[in-house]
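A.B. asks: Below, each chain spelled out in residue letters.
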Amino acid sequence: MSDGARARILERLAAARPKSPAISDFAVVARKQWAAEARYPRLRFLMEAVHSEFLEATEAGWPLAIREFLAEEGLSTLLYGPGTAAAGRLEAAWAAGTRPSLVAYDRPIESEDLKRRLFEDIDAGFTTTRGGIADTGGLILWPTPDEPRLLSLVPPVHIALLDSRSIHNTFWEAMRVEGWASGMPPNALLISGPSKTADIEQTLAYGVHGPKRLLVVAILPES
Amino acid sequence: MPVEPGSHRFRDAASSALKDPGLRANFRRAMDGLISKRAAQFADPVEWRDLKRLGSAIRARSLARLPELLERLEGRCLGNGIQVRWAETTEDANRIVLEILRSHGATRVVKGKSMVSEEMHLNEFLEEHGVESLESDLGEYIIQLDGETPSHIIMPAIHKNRQQIARLLGEKIRGARYTEDIDELTGIARRVLRKKFFEADAGISGVNFAVAETGTLCLVENEGNGRMSTHVPPVHIALMGLEKVVENLEDVPPLYSLLTRSATGQSITTYFNMITRPRTEAEKDGPLAVYLVILDNGRSRIFEDPELAATLRCIRCGACMNHCPVYTRVGGHAYESTYPGPIGKILAPQTDGVGARHDLVEASSLCGACGEVCPVGIPIPELIVRLRQEAAQPEPGSTVRGAGTGGSRGESLAWRLWAKSHRHPVLYRLLGLTATRLRRFIPGRLPVLAAWTSARSTPRPAARTLHELAKSAGVADE
Ligand code: SF4
Chain X
132 MSDGARARIL ERLAAARPKS PAISDFAVVA RKQWAAEARY PRLRFLMEAV HSEFLEATEA
192 GWPLAIREFL AEEGLSTLLY GPGTAAAGRL EAAWAAGTRP SLVAYDRPIE SEDLKRRLFE
252 DIDAGFTTTR GGIADTGGLI LWPTPDEPRL LSLVPPVHIA LLDSRSIHNT FWEAMRVEGW
312 ASGMPPNALL ISGPSKTADI EQTLAYGVHG PKRLLVVAIL PES
Chain H
1411 MPVEPGSHRF RDAASSALKD PGLRANFRRA MDGLISKRAA QFADPVEWRD LKRLGSAIRA
1471 RSLARLPELL ERLEGRCLGN GIQVRWAETT EDANRIVLEI LRSHGATRVV KGKSMVSEEM
1531 HLNEFLEEHG VESLESDLGE YIIQLDGETP SHIIMPAIHK NRQQIARLLG EKIRGARYTE
1591 DIDELTGIAR RVLRKKFFEA DAGISGVNFA VAETGTLCLV ENEGNGRMST HVPPVHIALM
1651 GLEKVVENLE DVPPLYSLLT RSATGQSITT YFNMITRPRT EAEKDGPLAV YLVILDNGRS
1711 RIFEDPELAA TLRCIRCGAC MNHCPVYTRV GGHAYESTYP GPIGKILAPQ TDGVGARHDL
1771 VEASSLCGAC GEVCPVGIPI PELIVRLRQE AAQPEPGSTV RGAGTGGSRG ESLAWRLWAK
1831 SHRHPVLYRL LGLTATRLRR FIPGRLPVLA AWTSARSTPR PAARTLHELA KSAGVADE
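Top line first, the protein sequences correspond to chains X and H. Quick note: to get our numbering, add 131 to the position in the first sequence (first position is 1). Quick note: to get our numbering, add 1410 to the position in the second sequence (first position is 1).
Please keep in mind that the hints were generated in silico from the structure rather than gathered at the bench. Please read these numbers as outputs of a predicted model, since none were measured by experiment. Don't take each hint at face value.
What the hints assert, rightly or not - EDC-like, lysine to aspartate or glutamate: derived pairs with alpha carbons at most 16 Å apart:
| # | chain 1 | residue 1 | chain 2 | residue 2 |
| --- | --- | --- | --- | --- |
| 1 | X | K343 | H | D1593 |
| 2 | X | K343 | X | D252 |
| 3 | H | K1606 | X | E332 |
| 4 | H | K1447 | X | D244 |
| 5 | X | K163 | H | E1457 |
| 6 | X | K163 | H | D1460 |
| 7 | X | K246 | H | D1593 |
| 8 | H | K1582 | H | D1556 |
| 9 | H | K1605 | X | D244 |
| 10 | X | K246 | H | E1457 |
| 11 | H | K1605 | X | E251 |
| 12 | X | K150 | H | E1714 |
| 13 | H | K1605 | X | E309 |
| 14 | X | K163 | H | D1454 |
Unchecked claim - Quick partial rundown of chain H residues pointing at chain X, CB under 8 Å, derived from the structure:
| # | residue |
| --- | --- |
| 15 | I1552 |
| 16 | R1572 |
| 17 | I1592 |
| 18 | F1608 |
| 19 | P1853 |
| 20 | G1854 |
| 21 | P1857 |
| 22 | L1859 |
| 23 | A1860 |
Unchecked claim - According to the in silico footprint, chain H covers these stretches of chain X (three or more CB under 8 Å from chain H):
| # | stretch |
| --- | --- |
| 24 | 139 to 147 |
| 25 | 150 to 163 |
| 26 | 238 to 244 |
| 27 | 253 to 263 |
Cβ coordinates follow ideal geometry from the N, Cα and C atoms, glycine included.
Please construct the entire structure, taking both the sequences and the accompanying hints into account.
C.D. replies: Shown next as C-alpha cells:
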C-alpha cells in the first residue's frame, strides 16, 4: 500500500508546475555578529531571562564547584557519562569522599533497574556542551555513546559544562563553521533553559516534564 | 468529516461563541499577550523584512523542488536507519501507525504535539483498536482529558481559564486536589505523565522541519515532552505533512527563528531537537526504531495550482490567528476544522471542498492582518478572494476541489444584474434614477440585507447620480 501511495503522491507532485522561487539571501542572518568577549555575557543574560542559572569557574576549579553546588542544594546523586575528559575530571574531584554520590551512566537504559533509577532516584545529570549561541542564548549538545541523550532530560536538575570561549554568533554560523551537514549525529540539541510551559492562561510554569533547573557551569579564562 | 454543501456551520457556531463572554475574555487576553510579545521580537523593521523575505524564499524553494526533495529525504532517512512510509489519506496513515505499533507489540503510546495527528484523529483511532494514546503536551493533555479538540494550533487549551482547568484535573485525576495554583496544576500533570513516559512502548511526534540534505527531523518545543516521547520509548513514529521538507540544513535556522518569534514571541524555545538516527549500536539510550510517516491528505492537490500552492509554505506558527479579528472574537472551535483562523480558512476549503466549507471562505473581513504577519509571506487575503471566486465562478480548468459549488443563488443573481447593467447604458441609467429618486422609499430593514442591516443603518443612495452631478458641474461627457 505504502509503495503505491508513494508512486501516486510523487506523480501528482511531479505533474504540477510550481512558481520558481526568489534567491535565498542569508545576509540577514550572517550580519548578526558580536565581538568575541561580548558573546558570553550576552548568552548569560539571555539564558538567565528564561531561568537558567550560572556558576562561573576556572578550568582548574569547575569539578569542585559542582560538588559544592550539589552539597549546598541538598542534591545527593549526580549521574554522568564516563569516558569523556570532563568525566575524568569529575571522577578525580570525587576521589576524596563519596558524598554526594556520583553515578555512572555506563550501560544501556534497559539494564537492571537503570531506567527506574533514572526516573525516580537521580537528582541531577551532568553533560558537556559543544558550545553556545550568542544571538538567542542557548547551548549546543550532541549526545554521544559516552554521554547518552537522557542525561540532559530526565533528572530534575541538568548541569551543563560550557567553555565560555566556544560561543558562536548564531545557530546558522555554528552549523556552517562546524560543517554539521556533512555528519549529523544521531541526535543534536539546542537547550536554552529549564523545561517550561505557558499552556495554562499563558502563565509560565517551569519544570513541566524535563529538568526543573538548568545550571550552566561556565569555564572562564583565568586572568 | 463530511460536510453539507452550503453549510452555515461557522455562522451558527460563531453566533453561539459570541454569546459566551468567558470564552471571549479568554481569547482576547491570550491574543493581546501574543501580539505584543511578537511585536517586541520584530521591533527592527529591516530585520523583519529581510528575514520574512528569506523565510518565504526558503519555503518557496522547498516547494518548487518538492517531489525531488521528498525523494532525497526518503533516501537519506533510509540510509540513516529511519524507515519511511507514505500515506495518501488519513485512513492510510492511521493504518500504517497501527501496523507499526502492532509489529512492536506496543499498546501504550505517548504523544508529543502534532497537528497532523489531529488531522488523522489518531487518538480515537488507536483507542478503538486497543492502544492507549496519551497526549503529553500540557495543553493537549488538558483538552484530551475533557474530550475536546485544540482551539489554537500552538496553544491548544487557550480557550480554558485556570478555574476550568483546576476543576477538570481535580475531577479526572485520582488523588489530585482542587487547586488554582498554576505551578501546582503543572506539578499534577508532571507526576502523571512521567509515569506514562516511563511505561510507554512507543512515542509519536510531529515534525516541524524535515531536512532533505541530511535526513534530519527537527522538533521545536518548550516542555520537554517532545524529547521524552522521542527519546525514552523504544519506538518513535514521526508524522509529517509532505510539505514540511526543506532542502538544506542551513535553511532551518531562519525558519526556526521566524517560527518561535511569530508563534510565542520567544527568540528561541527551550529545546530544539534534531533527530537523524535511531539509537546506534554504541549508544545507551534513544529509540531502537524510528519511522517517518509522510502524509498527503489533499496536499498534492493543493500543490497543482501555482497560486494556491503558497498555502503549503505554512510553518504553523499561529500568528495569523493571533492577529485575526474574527478568530479573536469567536475562538478556534467555531471553525470546526483542524486548523482554525486564517490558515484554516484557506486550507480546509481546499481539502474538504470550496463549496462544502464556503462558510470558512466567507468568514473574513479581508482586513489583511494575517497576510502582513505571516512569516513566510503567504498572501492569505488574496487566496481567500481567489477561493471565493473558485466557489462562485471557477477559472476554466480549475483544479480546486468543489470549484463552482459554493456561490449562493442570490449572490450570482446580483452579480449577473450588475454585469448586465454595466453593459447596457439605458438599463444603467434607469437603475441609477430608480435608486436616487425612490431613495426615500427604501425601508429601514431590507430583507435581502437582513444580516447587514440588523446592526447597521441601511445604505441610502444620494439624491442625484454621479453622472448628473458631473454634468451639472460642467464635466464633459466621454
Ligand atoms: S499561514 Fe503564515 S501566519 Fe498562519 S500559521 Fe501558517 S505560517 Fe503562520
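A.B. asks: Run every hint past the structure and note whether it holds.
C.D. replies: Hint by hint, here is what the structure shows:
1. Straight-line distance between C-alpha atoms of X/K343 and H/D1593 comes to about 11 Å, which keeps the hinted pair within the 16 Å bound.
2. Between X/K343 and X/D252, the direct Cα distance comes to roughly 15 Å. Compliance with the 16 Å bound is thereby established for this hinted pair.
3. For a cut-off of 16 Å, the pair hint linking H/K1606 to X/E332 is broken: about 25 Å separates their Cα positions.
4. With a C-alpha separation of about 45 Å, the suggested pairing of H/K1447 with X/D244 is violated against the 16 Å cut-off.
5. Between the alpha carbons of X/K163 and H/E1457 the distance comes to roughly 10 Å, so the proposed pair stays at or under 16 Å and holds.
6. For the suggested pair X/K163 and H/D1460, the alpha carbons sit about 13 Å apart, so the restraint of at most 16 Å is met.
7. For the hint pairing X/K246 with H/D1593, the CA-to-CA distance comes to about 26 Å; that exceeds 16 Å, so the pair is violated.
8. For the hint pairing H/K1582 with H/D1556, the CA-to-CA distance comes to about 9 Å; that is within 16 Å, so the pair holds.
9. Of the pairs offered as hints, the one joining H/K1605 and X/D244 holds, with about 15 Å between alpha carbons and a cut-off of 16 Å not exceeded.
10. The hinted pair formed by X/K246 and H/E1457 fails the criterion: a straight-line CA distance of about 46 Å is larger than 16 Å.
11. About 10 Å separates the Cα atoms of H/K1605 and X/E251, which keeps this hinted pair within 16 Å; it holds.
12. Pair hint X/K150 plus H/E1714 holds up; C-alpha atoms about 11 Å apart against a cutoff of 16 Å.
13. Straight-line distance between C-alpha atoms of H/K1605 and X/E309 comes to about 38 Å, which puts the hinted pair past the 16 Å bound.
14. With a C-alpha separation of about 13 Å, the suggested pair X/K163 and H/D1454 falls inside the 16 Å cut-off, and the hint holds.
15. For H/I1552, the interface hint holds, the least distance from its beta-carbon to any beta-carbon of chain X being 7 Å, beneath 8 Å.
16. Checking H/R1572 against chain X: minimum C-beta separation of about 5 Å stays under 8 Å; hint holds.
17. Evaluation of the H/I1592 hint against chain X yields a held restraint, the C-beta minimum of about 5 Å falling below 8 Å.
18. Annotation: interface hint on H/F1608 holds; nearest CB of chain X at approximately 5 Å, less than 8 Å.
19. Evaluation of the H/P1853 hint against chain X yields a violated restraint, the C-beta minimum of about 47 Å exceeding 8 Å.
20. For H/G1854, the suggested interface contact is broken, since its CB lies about 44 Å from the closest CB of chain X, more than 8 Å.
21. Against a cut-off of 8 Å between C-beta atoms, the interface hint on H/P1857 is violated, since the closest Cβ of chain X lies about 44 Å away.
22. Hint status for H/L1859: violated, given a least beta-carbon distance of 39 Å to chain X, over 8 Å.
23. A cut of 8 Å between beta carbons decides the hint on H/A1860: the least distance to chain X is about 39 Å, and the hint is violated.
24. Note: the stretch 139 to 147 of chain X has 8 residues with beta-carbon separation from chain H under 8 Å; the three-residue rule is met and the coverage holds.
25. Taking a C-beta to C-beta cut-off of 8 Å, the stretch 150 to 163 of chain X contributes 11 residues in contact with chain H, enough for the three needed, and the coverage statement holds.
26. Check on the stretch 238 to 244 of chain X: 3 of its residues sit with their Cβ under 8 Å from a Cβ of chain H, so the three-residue criterion for coverage holds.
27. Figure legend: the stretch 253 to 263 of chain X, annotated as covered by chain H; annotation inconsistent (0 residues with Cβ-Cβ distances under 8 Å, at least 3 required).
Against the hints set out earlier in the document, violations occur for numbers 3, 4, 7, 10, 13, 19, 20, 21, 22, 23, 27.
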